[in-house]
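Residue numbers (the numbering used here), protein chains in the order written: chain A, 1 to 618; chain B, 1001 to 1179; chain C, 2001 to 2297.
Keep in mind that the hints were calculated from the coordinates and are not lab data. Errors might be hidden in some of the hints.
[Claimed, not checked] These stretches of chain C come out as covered by chain B in the derived footprint (C-beta under 8 Å, 3 or more residues):
{"#": "1", "region": "2031-2038"}
{"#": "2", "region": "2053-2064"}
{"#": "3", "region": "2198-2209"}
Fair warning: this is a prediction, and the values are worked out from it, not measured in the lab. Glycine included, C-beta positions come from ideal geometry on N, C-alpha and C.
One letter stands for each residue in the lines below.
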Amino acid sequence: MNPEIILAVAFGGALITYLSGKISKRIRDVVAVAFSLSLVAIVAVFYNSESQNVFSPGFLDFPIVIRIDDLSWLFAVIISVIGSLSVIFSLNYIRNRGNTDFFYSMLLLVIASMTGIILSGDLLSFYLFWEIMSWSTFLLISYNRGPAIAAGIKYIVMSVSGSLAMLVGIISLYANYETLVINELAAFLGQASSGYIIFIMVLFFAGFGIKNAIWPLHVWLPPAHSEAPSPFSAVLSGVLIKMGTYGIFLLIFVIIQINIFFNLGKGLLSPRYVIAIIGAITIIIPTFIALVQDDAKRLLAWSTIAQAGYIVLGISYCTSESVAGGLFHFFNHALFKALLFMTVGAVEYRTGGVRDLNSLGGLIKKMPVTFLGALIGVCGLIGVPLTNGFVSKWLIYKTLIINDSPFLAFAALFGTWGTILYSYKLLHNIFLGQLPEQFRNIKKAPFSMQLPIVLLSIPVVLFGVLPGVPLKIINNIQSDLGLDALNISLWGVVSDTGTINLFNIIAAILLIFIIIWLLFKSSKRPANVDQYDNYAAGAAVPVNKYNYTVNFFDPVYSKIIRYLKDFADVFYLWLALCIERAGNGIRRIYSGDVGYYVIYIVLFMALLILIQINRALW
Amino acid sequence: MDRNNIIKWLKFPGEMGQKYSLHALYFCTGCGIIEIPPTITTRWDAERFGVIPVSTPRQANLFLITGYVSVKTLRYIIRSYEQMPEPKYTVGFGSCPVNGGMYWDSYNTIKHLDKYIPVDGWIAGCMPRPEAVFVAVTHLWTLIDKGMANGYKKYREEYKQYRANQEQILGELEWPFLF
Amino acid sequence: MVALVFETFLVVLLACIIGLFFLGLARKITARIHWRYGPPVYQPVIDIIKLFNQTSMSHGVLFELGILISLAGSVVVLLFLPFARICPLSSSGGLLVVLYLMLISPLGLALSGGESANPNVSIGISRKFLLAFGYEVPLLLILLAVMTHYDTISLSEIANKQISSGWSLFQLPLILSGIAYILILPAVLGLRPFEMIQAPQEISSGPYAEYSGKFLAFAMIQHAFDLFIGISLFVNLFLGGAGNMGYFFIKMIIVLIIMIFVNAVFPRFRIEQAIRYLWTWPASLAFAGLIIVLVVN
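Extracted from the complex, chain A is given alone in its bound form (with noise of 0.2 Å):
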């Protein structure tokens, strides 16, 4: 089977849904679910096969290799599934906008590029489809006008200016080898000399780093996850950031391979450990900056960018058992994310956009399916056992303690203990704690919202307690690279210097969990009281103000919070005034009177006849 028609489907969708929109609505909703899940299946045909496809004059007369191996099959499965779950929750998010039609398209289009950067076999196509990417998605962070458009231009800028980074690499290695497909660049880079691959590495770093959001480069992103609408807020934490996780991972083992990569520089200095404490301040800095977040989309924004951290520290660090730990950990990460978005977008659609962590509250007794689905994901975000964060981030810290960089570990093991943080106030302030009046008469969210978080929370849980099935896919993808392959069960990982079973800590949990509940129901059954019966010292609660929410780790912001400010967006902000200052003064050039024209000729020529005369060039 050609790997083309993946991409056929994909773009075909979008056309076709734009279209069908101007029949009518229900159609257009209709075809637009069927060819996100219809993606879905066709991805789910080519599981465990290679096949690559080569177009001989191409684009440009450069020939277009669209190819499919285990790797690519990985990411496709993530896009295709988090896209369609999000087309379904938006098919009552967005039913009272305005320009549904073009809400749709653009979401299947961001979702068709998507896939078509992860079966391009060469750079041509993969920075074509990265800029289609680049600007559907402008195009859908701006959908809500308002704020959002100041997001949005944030965001093209900077995705711009890697873009062209990665253009000047392009054309570098172009101009070095003749060609840009990329199993040949593999062969030839593997005579370059390590100035050379460094050289490439920090151009094309420079593009992924800021699509996959690592510290300094960073500061697009929480405007812009904040100001989508909710469903492509989903897809862009979920999968958008992957896409720079797969440049990477494409440049670092499949261009530059991994025993190259693993011997350039010397000591601390190699680009392996800079890129891993480049990880490591990515994890640290952004989770303490999500505690003092007092809006919820914009705490997952942050919290975000940390987890990239890890999958950046996981897949830099090079053993066998941080990049299976870093790939796994992308794989998750993108079903809670986009889980946990999914659970906010339902709350703010319920209750008339309201996203402020500081007026919710108590919503568990109106909302419980969503609650069910925000635990969920807030487990699988800090990484409790039996869910399947922790397996991943089991990986990387054992693999970080083992090889002796305790300092790294500490950061990732820090890093867990401050989601614990954050996790938890967003999990309290909109839905533990006393429910305000206004909220009393909302309504559960709508099964099309329901159903993408239910679907979303099942592999959460799953993939926690069957680690094995995932792993298996991660440890093919291993051993195509090079890289050992872990020895794995079904229900974990063995291995000489540690194991982990996660059948035996799933049966003690569930026998002690069973023991104690037994006792529990054997005393007296409790009575129920109401939130309005609470101990308030004898008087009547007060309603609507008896909740704890504001500055809810007050203790520690006072300190913290003046370290807490984005150095990065100011020194960007900086930059950005420099730049604007500069070109006002030269803008001044042109006056707009012709007399000072008439003098820059003159003047000009003066210069001319000078240089003739000085040193006869012509």
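Keeping the supplied structure of chain A fixed, place chains B and C upon it in accordance with the hints.
Chains B and C in isolation, oriented as in the chain A frame:
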């Protein structure tokens, strides 16, 4: 620990628990509370009787009404009493809950606390010494053993009368009927 | 398989009895320090019996489930800690799994307390998480130093290696880490001066404000298990574990008595003072200890 009752307690351990672990709600209702800190600290140690102060009514099963009860405080006393889990015991501490005490002719105090919440025992005095608290606790143990400390059951059965009395003196009550 | 189940029950039962004994012993010793008599040592048992006998009020399904999850989380951690050569699940993950399982019980308590809709509970939970955030910095550095020194992540191996090579507390690279651990041990156990999560006078028992009857009983049992786990982790990592149970028990009692002495004398810190303390002195000692271990190995 009474050795005679060990067989009975092995069959019904709850009764032993009720006696020897009375957690008192640390709600300072009136001026009589000044006698409680000496009772629970070093000189007259109440913890050897199993009596410790707790801060919320949810965790308490002994309510000491210390000192006079003004009309304003009665609302809070009733609410705290209702939030305590059963079985719960109330002890009127000082002369003022008994019959008005020093404020027998004031317009603002409650003269007969028994009309509004059930009271299991009384300690007379203005203020009673800490030894009187211990006598009251041991007397309460005897009452519990005999099954006569049934204030909470009486409250449940005769709630209508209690509620009528409460509404008569406090006006509109903002919490609904309990039973 | 049968031996495994038997070991599990033995460990859980012993931990419960010893934990409750420690709670009662703490109250008795505190009383004696105050020059008074104090309750009998079996007073926590009487309290729990009374609490099971009382009616209870619940705020919802999550309120009930949360406290069960918290207790289950504590008990599961027990199965991974070696208790004098008995360690039912020693080959399923090691110290990292212990670190992760130790966060199930605060999370369960936090979920259950959050459903209470009481701001005192929320303040108590935020203090609990912040305190844990505070002591995790030195604790992680200490654990990383120990794991790097012994080059393993399995707790029973660390305990076994100390039988041959002496206590970790007296081995030269790990002395600073040991001192740092002693400095943060009151915070891990929740004793004064780090007792601000309960603070009955300030926030009316923090997370336990809305617990009545059997919920409070489960919370007390969970507190007993937490005390046992905290002391047992310290004894296993730094005081050499032990060959038989009696010796292990003696080591635990000595650690407990020292902590009770500290508890009886100090007032409680505010949470920002606690975090400032935990992130300066023990953290720098643990950091120095980690660097020494890295340099030596």
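Here is how each hint holds up against the structure:
Closer than 8 Å: that is the beta-carbon criterion, and the region 2031-2038 of chain C has 6 residues meeting it against chain B, so the requirement of 3 holds. Coverage of a stretch by a chain is defined here by at least three residues with a beta carbon nearer than 8 Å to that chain's beta carbons; for the region 2053-2064 of chain C and chain B the count is 5, and the condition holds. As drawn, the region 2198-2209 of chain C meets chain B at 6 residues by the rule of a beta-carbon pair under 8 Å; at three or more, the given contact holds.
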